[in-house]
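Student: Chains W and B are the protein sequences, given in the same order. Going by this note's numbering, the first residue of the first sequence is number 103, and it counts up by one from there. Going by this note's numbering, the first residue of the second sequence is number 103, and it counts up by one from there.
Bear in mind the hints are in silico, worked out from the structure with no lab data behind them. Careful, some of the hints might be misleading.
To be clear about the criterion: a stretch of chain B counts as covered by chain W if any three or more of its residues have a C-beta under 8 Å from a C-beta of chain W, and this derived list gives those stretches [as the list claims (entries may be wrong)]: (1) 170-176; (2) 259-268; (3) 287-296.
Under 10 Å between C-beta atoms, here's a sample of chain W residues computed to sit facing chain B [to be verified]: (4) 196; (5) 199; (6) 203; (7) 315; (8) 319.
Note that CB positions come from ideal geometry on N, CA and C, so glycine has one too.
2 protein chains.
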Amino acid sequence: MTAVVGIDLGGTNIRLAAWPDATALASQPVPAPAATRREEVGSERAPEALVDRLAGLIDGVLDEAGIDSTGVPVGVGIAAMLRGTDGTVANSPHLGWRDVPFGALLRERLGGQRHVRVANDVDAITYGEWRAGAGMGTNDILGVFVGTGIGAGIIAAGRLLSGAFGCAAELGHVKVTTGDDARPCACGLRGCVEAYIGGAYLQRRARAELAGGAHSLAERLAGSVDAVTPGHLDAAAFEGDDYALDLYAEVAPLLGVVLANAVTVLDPARLILGGGMLSRTPVLRAHVMAAFDIAVNPPAAAELEVLDAALGDDAGLVGSALLAAN
Amino acid sequence: MTAVVGIDLGGTNIRLAAWPDATALASQPVPAPAATRREEVGSERAPEALVDRLAGLIDGVLDEAGIDSTGVPVGVGIAAMLRGTDGTVANSPHLGWRDVPFGALLRERLGGQRHVRVANDVDAITYGEWRAGAGMGTNDILGVFVGTGIGAGIIAAGRLLSGAFGCAAELGHVKVTTGDDARPCACGLRGCVEAYIGGAYLQRRARAELAGGAHSLAERLAGSVDAVTPGHLDAAAFEGDDYALDLYAEVAPLLGVVLANAVTVLDPARLILGGGMLSRTPVLRAHVMAAFDIAVNPPAAAELEVLDAALGDDAGLVGSALLAAN
C-alpha cells in the first residue's frame, strides 16, 4: 500500500488531500481522503515562501492521516503554464510567477528523496477524470472545462498529452477569428475562443453592453447590471430574451466549432465537459452542442460519447495524486 | 537483420519497396531499397483482386531483392480512412471501398504468419518523416501535406496518434467557417479548410471564377482558363495580380489559423510541411505562415521548428516499412 498526497494550487485556494492507498484511488466512487486541508493562497506568493508553506501543509495532512511521510509521493496541479517535464512554471498570472523551478524547489524542500509531480491544473483534472471519473475505461479523452476561462486536457493512447514544450491542450487560446476587431484575450493576443465565451469575458461583455444601453431580461433577473452573470443570461435566453439569444447565436457556434475541430484532430473516445460555467448555462450548452454536431468530422463523432465531468471540484486533487502515484 | 516491405497504395499508383535491413532504414540519407515496383492501380479494384495482386507484387519484389519472404513484415500506407487497429478500411473514396477488412485479407493471403501493418497514407508519410526525415530526433511532430486535398499526421510523445476510432489528424476537415454559404467539401460537409485551399479545390474555383469573368495574369501564364493551376496563381500573385492576391487574402489565413490552432493544441517540436501544392506556391505559403505567426499560442511557438518534408514521394514507402518493422 502506497500513500499519496494530491495538491490543488489555484489562484485563490490551496487544497490538499492524503490517501493511504494510491492504488485504490482509481475507482468510483473515489475513496474519501484520510485527511484534507484548504486554505486561501493569500498575499504572500513568493515561490520560496509558498513552497515552505506547502511543505508544512503536506506534513500536517499526512500527520493527521496517520501516514508516515517517508517516500510518500506528492502531486501538484497548479494554475500555471509549465515548461518541460520537471515542474518549471513558465508563467502563472494567478501566482505572479515567471520561470520558477517550482518542482525542483518543492522536491528539495521535502528532502530531495520524494517523488514530486507537477502538472498544469487542467491536465491534473483531466487525468483525474480519466482514471477515476467520466473517462474511466477508455484510452483517449478530451476534457474541456469552461469556467472563468477555458482549459483543456488530453489523454491520447493512455497517456497525458503534454506536448514537446509542456504547453499542449491550450484550447482556450484557439483562434476563432482574426484581425483588429477580434476580441482581446488576457494572453495578449486577439480572437481566442476564451475571449468570447470564457465566463469572465462573457459576463464582462454583457455587463458593458447592458450598461451601454442594451436591454435584457437578464438585468431584471439579476437586480442590476453589475450583478448579471452568465446564469442570468441563460435564464433570459430560456425565456426567449433577444439580447441573450443574439449573444448566444454569436458565441455558442465559436465554442461548438472549436470543440468539433479538436475532436476531428484528436479522435477521442469521450469528450468530457465540465467547469463552473457550462453547468449553470444549459441553454448555452445546448447551442454549443448543436454547432458541434454540425461541424464535427462524422467518423470521429460516430461512437464518440459526450459526458459531464464526474468528480467536480475534487478532480484536481484526485488527478494530481494519481499522477504522482503513477 | 530483418528485411521489410513497404507499400504505398494510392488512388492512382501502387508502389512497393523492399529493404534487406529494417533497422538501417531510420537514417539519413535513407538507404536505397534493394528492389522496387510501381504500377497503376487500374480499374479492377475489388478488395480480393487487389489483395491477390499485392501478394504477387510482394513476392516479386522480395524475389528480385534476393530476400527469403519467410516472416518478412509488410507495411501498407493506404489512401483510406481506417477504423480500429487491424487495418479495416472504413471508407476509401479513391478505391471505392467501404468496410473492407483489408489488413485481415492481406495477412491471410500472405499465409497468416506475417506481420501486416496497415496505416492511413498520410500517417505512414508522417511516420516516415519522423523516423527518417525532417522529424528525426524529436518525439512530437505535426506533419501537414497540402496536395489536391489536405492530410496530416501526428506523432505525440513518440507514438503515431491514431485516435480512439482510428481517424485522428483529419486536419483537412477542420471547419473554418459555418453556414449555408460555406464551401462544400467532398467529405459531404461544408466549411472544411480543404475545400478552400486544397489544390484541387483552389484550382477548380479559380478556373470557374476566371471562366465567369474574373481577370487574372494567371490565365495568360497558363495559356487558357482551363490550364490554370495553383502554380500559375502563385506566379501571378508574385507579380502583384489583384485576383490572385485577393484570393490568397481570403484563403491563406484560413490554413494559417488551422495550422496555428493545431500547434496550440498539440504543441509539437516540429511542424513539417509537404505535399505537391505548397512547394509550388511559395507566395501562398508565405501568406499562410504570416497568418500562422499571428495566431499561434506564443509558448507553443517559441521553440517550434517549421521545416519542409525531407523524403518527398518516398516518405510513404519508408514510413509504412518502418511501421511494419517496429
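Student: Count the residues of the stretch 287-296 of chain B whose CB lies closer than 8 Å to any CB of chain W, then report whether that count reaches three.
Tutor: n = 4 at 8 Å, threshold three: holds.
Student: Should the interface hint for residue 199 of chain W be scored as holding, given a Cβ-Cβ cut-off of 10 Å against chain B?
Tutor: 14 Å, violated
Student: State whether the coverage of the stretch 170-176 of chain B by chain W holds or is violated, taking the criterion as 3 or more residues with Cβ-Cβ distances under 8 Å.
Tutor: violated (count 0)
Student: Any CB of chain B closer than 10 Å to the CB of residue 196 of chain W?
Tutor: 16 Å, violated
Student: With a cut-off of 10 Å on the beta carbons, see whether residue 319 of chain W makes it to chain B.
Tutor: The hint is violated - residue 319 of chain W has no Cβ within 10 Å of chain B, the shortest such distance being about 27 Å.
Student: Return the status of the interface hint for residue 203 of chain W: holds when the least beta-carbon distance to chain B is below 10 Å, violated otherwise.
Tutor: 17 Å, violated
Student: How about the stretch 259-268 of chain B: do at least three of its residues have a C-beta closer than 8 Å to a C-beta of chain W?
Tutor: holds (count 8)
Student: Holds or violated: is there a CB of chain B closer than 10 Å to the CB of residue 315 of chain W?
Tutor: With a closest approach of 29 Å, the residue 315 of chain W hint is violated.
Comparing the model with each numbered hint stated earlier shows that hints 1, 4, 5, 6, 7, 8 do not hold.
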